[in-house]
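Protein chains: 2
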Amino acid sequence: MSAEQTKDRILHAAQELFAEKGFPATSLREITQRAGVNLAAVNYHFGSKDGLLEALVRHCIEPINAARMRMLEEAEDAAQGAPLPLDRIIRIFLEPALRQLTDCDAKMPCILSRMHHEPHPGLEALMADLLTPIIRRFVAAVQRTLPERTPSEIILHGHFMIGAMLHLLDAQPSMLHTMSEGAIDVNDNDYLLDQLVSFCSAGFQHA
Amino acid sequence: MSAEQTKDRILHAAQELFAEKGFPATSLREITQRAGVNLAAVNYHFGSKDGLLEALVRHCIEPINAARMRMLEEAEDAAQGAPLPLDRIIRIFLEPALRQLTDCDAKMPCILSRMHHEPHPGLEALMADLLTPIIRRFVAAVQRTLPERTPSEIILHGHFMIGAMLHLLDAQPSMLHTMSEGAIDVNDNDYLLDQLVSFCSAGFQHA
DNA sequence: TCCAGTTTAAAACAATCGTTTGAATCAAAC
DNA sequence: GTTTGATTCAAACGATTGTTTTAAACTGGA
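Protein sequences, first through last, are from chains A and B. Mapped onto the working numbering, the consecutive letters of the first sequence carry residue numbers 1 to 207. Mapped onto the working numbering, the consecutive letters of the second sequence carry residue numbers 1 to 207.
All clues given are correct.
Which copy is meant is left open, because identical chains are indistinguishable; a pair holds if it fits in one copy or across any two.
Once the Cα atoms are required to be at most 25 Å apart in a straight line, the calculated DMTMM-like pairs of lysine to aspartate or glutamate come out as:
id	residue 1	residue 2
1	Lys-21	Glu-54
2	Lys-7	Glu-54
3	Lys-7	Asp-129
4	Lys-7	Glu-62
5	Lys-49	Glu-20
6	Lys-7	Glu-30
7	Lys-49	Glu-30
8	Lys-21	Asp-8
9	Lys-7	Glu-20
In short, the hints are calculated from the structure, not lab data.
Please work from the sequences and hints to get the whole structure.
Structure, rendered in structure tokens:
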């Protein structure tokens, strides 16, 4: 097995287990067993368990943020300087994250929410580093659409939006399913995305 | 020291440490040391570390839910059968939770968010048991105000609202503070509550 | 074929974990 | 003052943790 294959299998197993049980409750033996590699491979390839976590965070977040940046730039280019509709901006922010639910192995709780809520030393700073440029970019876009809003208001509303998104991504679809007595199709990600975009768009524009 | 004092000190120390570092990463030795009690006291009074977690969850959640129930019933009684304004319902749901931020020791990350996101076996079911009656009660109240909404829609919007609330309660005020370059006063809980209520009220009423 | 560098394998490391034990201590009832 | 039950204490238990070590297996270029 090549080195890249080994690293990928470790990352994949770690993503599943961290999402399912959290970082401290997951042992390296569990990860390497599921990945089918030797225990020492984690320390060899990633230096430490903490190193694996940081690599996993980057591995999961960076593609999402890259997609957000690309889609926002394409939309702004196409608009030729005109402000984008608010729901368009919000959808561009939310869709790459929610798409994880569709692309990932079925039923896997999403690692993205776990990364935001895992209280690990240094992780919050790393997440802030990865998210700050994206947030600034989207705040600027919203400000062009809602010029009467202050940046602080937009940031606070974005905070609410991210919270709603993370909670939807979290391992709680069962809660939604049981509470609605099966009426909500938790696998219909297009519907969930539409509803979330509408909810947040209205929230941003509140009187 | 009486037995009740011992249990309270353990609960208090556990609340701080679980909120700060999460459940699996917090050792009983750390808790008992901070509480100033003997290590064996946890197993004596709560049976096990898991038993302590369950007791803490009930200790933290039940007062909030009791306040929600009481305030909603008082408001409905005063309205004499008329539907309550939406923002009134939402404020009654959010305020008892956000008040924790004011009442708790300053700067303490809120345990409420951690409890929702800690992936511990059995904890999700316990949280569902504690929250289900409250949610059903509030869904019924909202449905009287927004009769054109289906229960499923209200539940989904409530899900978004809870996500926004938990993210605000989470240990991320520093993120808000730095992103807004200090313009957002993260200690002004009245302002944060007002904004969250407005955001969610608009979200519930979206076209 | 040989060799240098890389990756894996199994075992052992010290440290820490939750839990249990049994004696010591406490408070109150008789 | 003695007894009884509840509570606290220090110590130790076995198990598991992340990490390191040593040798074996593999890799691709001369």
